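Novice: Single-letter residue listing:
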Amino acid sequence: MIYLDNAATTWPKPSSVTEAVIRCMDKYGGNPGRGSHRLAMLAAESVYSCREAAADFFGAADPSDVVFTMNTTYALNTAIKSVARAGDHFLIGNMEHNSVRRPVERLARDGIITYDVFDIRGSARQVLADIQKRLRPNTKAIVCAHASNICNITAPIREIGRFCRSRGIGCIVDGAQSAGILHIDLRSMPIDILCVPGHKGLYGPQGCGMMVFGSDRFRDGCTLVEGGSGVHSLDPAMPEELPEHFEAGTLPTPAIAGLAEGIRWVSNIGTDAIHRQECALWRHLYTDLHAMRDVRIYDDTPGAILLFNVRNCSPAEIAGELNRAGICVRAGLHCTPMGHGALKTGADGAIRVSFGAMNTEKETKHFANALYKIILNQA
Amino acid sequence: MCIVTMKTMTHALRAKSVLSAKGISSDVIHLDPSVTARGCAYGVSFSCGDSDEVRRVLDGKGIAYGEWIGGGRAADAVRHDIP
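Protein chains in written order, with the working numbering: chain A, 16 to 394; chain B, 1203 to 1285.
This list has only true hints and no planted wrong ones.
In silico DMTMM-like links for lysine to aspartate or glutamate, alpha-carbon gap of 25 Å or less: (1) 148/A - 131/A; (2) 1263/B - 235/A; (3) 1224/B - 77/A.
Between beta-carbon pairs, the in silico distance windows are: (4) 147/A - 1255/B: 43 to 53 Å; (5) 1258/B - 235/A: 20 to 30 Å; (6) 287/A - 1227/B: 36 to 46 Å.
None of these hints come from the bench; they were simulated from the model. Since the structure is predicted, the reported quantities are computational estimates derived from the model, not experimental observations. The C-beta atom is built at its ideal place from N, Cα and C for all residues, glycine as well.
Could you build all of it, start to finish, from the sequences and the hints given here?
Specialist: In structure tokens form, the structure reads like this:
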């Protein structure tokens, strides 16, 4: 089996991650922050240890700035909807995943906000010029993916953050495809809320994402979910302090314990080293696929993702054949119809190969050979 | 034993972590409901001899805290379900 769907979720996970999950379930399966018996305290300390690791990894000022969510989609929904007020205007990028587009669209359909879309492609100067053109006096925040989930285009997040900060606009960043792969440092990147998954580039288990607050702005935003927090139970409202303000209900301690190990694993290797390796794999595969006459590649930028189509074949058909050959890739629109529209892939989308730190050059060769045989059989 | 009450469990764990980094031994404790009018709450316990240093470290790190409890009140402030 060759796994090339790491943009959906990385696999396999480092053994230290798996061991941490098992250790948590076997040894300290109490409810973190609920009571003070030994197992509850060990669970709470494990959760806190992950907050420390994440704060350190992203350059957050304090572990309390790390809020755990179910995944990036929940983090983005919480960030966007906790900030939005009636009459606000938002700006989003044109390569956004539905986890950004759908919450703003929903708020717009409910008559709460309006929003516009800017082009993240081009130089930082061009992107900022396009943002400036669409800015309104009531623009509350810019919500933007740091890296696309269908190609290797990245937004100039540092410049967008500085632009936002200079104009008093909020900056919410979708780091679903960049966390653990591209350098993110909240000390030098003026991001108000960074939303990231645990199970992708940070190599944690599924079931845990994060909102990492990079400023004091929006910390007191409206909660989307209310319930038990383990403190001040007599208060009818959620605690005002982060992270408990946004963390109603029991946290997924085993996933968080695994995530802490995933962050440590990535830190030890280094995001630059992982990115270099993925770019090297991309170059090998790009060279092989570029030589195939019937293959169209949509982006020439090296990175973790290679998006392509085969002439006169549906992406789903090719992905199905690859699956039968023991290769896992994802075909379709990848929950990013705006991005596919911008790349003009067509109504059926395209085939996405996405590399992870565990992939090898041998696997890219095997993939290229398998695809070549499939194309020959289709002819 | 002395106690300082904290707003949340995370703040209490943060306090314990920064105190430990400064060589000050402390424990996160669940406070007795009699200590707070708001229900469940947590605090950090430490040797009363470290009180000045604890205050200095928490202030230096910007960690918000509540009431300082010492003497006989400290023992009463700890929930009895704790070993």
